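Asker: Line by line, the protein sequences give chains A and B.
End of the first sequence = 99 in this note's numbering, gap-free, step of one.
End of the second sequence = 438 in this note's numbering, gap-free, step of one.
If you're looking for bench data, these hints aren't it; they were derived computationally from the structure.
Model, not experiment: these values are computed from the prediction.
Any given hint could turn out to be false.
Unchecked claim - For each label pair, taking beta carbons as the anchor points, the in silico distance ranges come out as:
hint, chain 1, residue 1, chain 2, residue 2, range
1, A, Asn81, B, Lys402, 56 to 62 Å
2, A, Thr10, B, Asp234, 24 to 30 Å
3, B, Leu219, A, Asn40, 28 to 34 Å
4, B, Tyr424, A, Glu39, 20 to 26 Å
5, B, Lys337, A, Asn81, 38 to 44 Å
6, A, Tyr54, B, Ala401, 46 to 52 Å
7, A, Asp55, B, Lys337, 22 to 28 Å
8, B, Ile338, A, Thr10, 54 to 60 Å
9, B, Asn377, A, Lys19, 38 to 44 Å
10, B, Asp340, A, Asp55, 54 to 60 Å
11, B, Lys360, A, Asp55, 27 to 33 Å
Glycine included, every Cβ here is placed at the ideal spot set by N, Cα and C.
What follows is the residue order along each chain.
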Amino acid sequence: MSEENIKKKTIEDKLTTIKYNCSSKPHLAADEQKCRNCENRCCTYICPAGVYSYDENQNIINVEYENCLECGACRIACPYNAIGWEYPRAGHGVIYKQS
Amino acid sequence: MEDTEVQKFDVIVVGAGPSGVSAALAAKRGGAKTLLIERSSYAGAKNMIGGAVFLTALKEIFPDSWEQAPFERYINKHTWSLLTDNSSVDISCDFPGAKKSASIYRSKFDLWLVEKAKEEGVYFAPSTLVLNLLVKEGFICGVQTELEEIHSDVVILADGVNSLLARQIGLRKEYKPKDTVLSVKETIKLSRETIEERFCLKGSSKGGAARNFIGGLGLKDAPFGLGFMYTYDDCLSLGLGLSIEDLIKYKLNPSDLLEKLKEHPVVSPLIQGGELVEYSAHLIPEGGYKKLPKLYKNGVLVAGDAAGFVNGIHFEGTNYALISGKYAGETAAYAIKIKDYSKKTLKLYKKKLENSFILKDLKSYKNVMENLYSRTNSLMNYYPAFASDFFKIFCGANCVAKRDEFRGLFVRFIKQRSLRELFYDIKTFLGCVFGVLK
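Same shape as in the complex, but just chain B:
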């Protein structure tokens, strides 16, 4: 700790990721004396991101300095690919200059966040592991580290997806394999020119692209999962998010599956000649609204991944982390001001979340992941194959009457696809759409 004299703070934030830093900053900006604790020797060392941070949320926290953050490339171009073993059907969008998200390395980005917080007067304690929370008369009143007790009026838990502390004090239950995605990733080095050529990025200033891959793992019993790829300045990230439940069920190793994706004829030319510079793995909490923990208790709040704030469909998580952290910090500062740290005051945090996109979205998306998961085979195998067959006819110029080809496709579709399966596919699709819109 930088100021060893001080052992009592208004607010202690555990975990220096986007959520923790945002919480600490909001608390400090609200006038609270704030300590930010991180277990690794520098922020970001334990963290992994598929690729990109969302910039609208970052702007809200750093309205003047967000552009100085260590961005690699602005992800203005997105492509979703339905893969079969040897083909790809894509849908793409491109918003040149949009700057809605940017690829980052957590080791650099989180470090930048912490530096900004320190500049504004947040105390920072790296290499500090919190073992327990201190409890006095039903109130959380500080933390027990490996070395000492540090007291505070409010503790904010931003200790990530595994949040041992939130479980310790009964805010949260253990996640089930079904609610958790394991993401494995490789950072692959290529030259800047090669990346710009392969992703058609020439001439755009720091322009970048993201790709998502559905299917293509060459398995009959494919796990529910999604491949992702992001461009960096002179690297690519390539990873896979996989349902833990399916990994268990089908006895699959995540690293082997990533190898399969790398060998796919559409993916392999993109990474050809690259050099693996870092392998990484991280969990994503995807239980959503139904698995939300208690968000507060006397003297404590929980934010970011620790609270399970993730919308897997849109890859949103960093934005939830930044904004939920901000609300937690603001609430803590308010509690300090009125000197009431009870759950009655801290309830304000939940109100703020309810009035924001965070709980609104999580609520309207509460069945989406589960629904899609129930149609894993349709998503991972059946429809990619169907799309591929359709375009084989559409673009094939096969010197066969189109009418015969399309009729054949239609007959195969009806024959291979029982009406029951089709019914459930349509029902699930409509259920997802209406769930979000209603």
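Next up, chain A with everything else stripped away, as it sits in the complex:
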């Protein structure tokens, strides 16, 4: 095993280690209007799973709710209360095994 095994992982690399039972129904929603006018969009960098990304062409926030770790950081961080945040349906979402 080399040092590279553990070093320099991207969020995408890290998310491959996590098991999910994805729900077809999103449990997160970004308010298009509020997000359009947001100057900072801190959700795009604060989320430990990189769920939120800004699409400049369409001028919207993309929400990859399937990757959500259900921590709630985005909800606390958003200054405009623009993120609809619920728990995934029962039995769905992230399934930690060694955390």
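The hints should help you fit chain B onto chain A, whose structure is shown.
Answerer: Using the frame of chain A, we list chain B on its own:
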């Protein structure tokens, strides 16, 4: 649910973490018919811990069986490290065989807790999401799940840091970024031999170590945060707790910061050759005493992380969860016995908390986090660098007169550090100490 016939319980506990299980057990032991609800398909699946559960509290809940819990290693050795970009100044303590805390995986530990509760007759409903609480004539009287209404005389909310339910019924306000820490963690697999060698654990039965890292993220504007590392049987956990306010302010990504810590010359040899087996993230409520919610209302109590019972300085949280859960369960059982579920009776819960270490500690520590946060730069950058410079002289044998070296250090200290900053550092330090002791 295991007994589908029964739709009315004395007590319903929402959330099967340490606090919820402890609450359900105390209620059941007090004679109440108790249902424990968990939204994931098995307990622990949504949970993450830096590393260790505190065993004095666990013993109080399970006096006979606590040693059978799925512990990985007993954390008898603790090291705090002040990091600069390329050095570390450490302070360490070692209590061989002390068994005051143990590293655990939540998926195994929480499952064990739930099994113990089931053995004692608590009904358990996994894969059950509570959407709302039922209210009748100003009293909480049950829960609305995705599928059905379930009634009870008392509901205990142990639904964790995000507690949507406590906010729904006005027990608690939304936390602010300043009051909340985001913790990101990696579980890293190594061989048992490698871990025992790197942390000097050979020959001790299930002995383990924890390390904390202050600074070392290589940033001028460093966020308020603390790195942590725990030994498991054949894994290490390595994580970072970071102020959400600072992540926002400095536009930082928590995963990138963890990568920086992993690359630190003192940290990287510890994890070298390891394989990432799981990445995780969780919030920690660190608002403390000033942000305490209302702890009870007619027919409802709130315990554990949902109530914000955490002492970040000492990494205490699981002990608060277990003991606050116990008090909530005991109070609920008493209310059932005297058939009064009003806030007048449930106030007993707050009394129990006030008489215990939980609210005593939270009260005496109420300014500590805020004070330390106000000195972020001193803690994360300045003093680690100063300590490093001091020991570079002390241990360096640099063939320069010590008097010149120490004088230089002293002059730099006075010059670089304005008296104003120094004054606030000392004032904050003394404020923290006297706040706790007075």
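Asker: If a hint holds in the structure, say so; if it does not, say that too.
Answerer: Verification of the hints:
1. A:Asn81 with B:Lys402: 56 to 62 Å: This hint holds: roughly 59 Å between Cβ atoms.
2. A:Thr10 with B:Asp234: 24 to 30 Å: holds (25 Å)
3. B:Leu219 with A:Asn40: 28 to 34 Å: Since Leu219 of chain B and Asn40 of chain A have Cβ atoms about 19 Å apart, the given range 28 to 34 Å is violated.
4. B:Tyr424 with A:Glu39: 20 to 26 Å: violated (32 Å)
5. B:Lys337 with A:Asn81: 38 to 44 Å: Roughly 42 Å apart at Cβ, these two residues keep to the hinted range, so it holds.
6. A:Tyr54 with B:Ala401: 46 to 52 Å: violated (59 Å)
7. A:Asp55 with B:Lys337: 22 to 28 Å: violated (59 Å)
8. B:Ile338 with A:Thr10: 54 to 60 Å: holds (58 Å)
9. B:Asn377 with A:Lys19: 38 to 44 Å: Holds - the Cβ-Cβ distance for Asn377 of chain B and Lys19 of chain A, about 40 Å, lies within 38 to 44 Å.
10. B:Asp340 with A:Asp55: 54 to 60 Å: holds (56 Å)
11. B:Lys360 with A:Asp55: 27 to 33 Å: For Asp55 of chain A against Lys360 of chain B, whose Cβ atoms are near 51 Å apart, the range 27 to 33 Å is violated.
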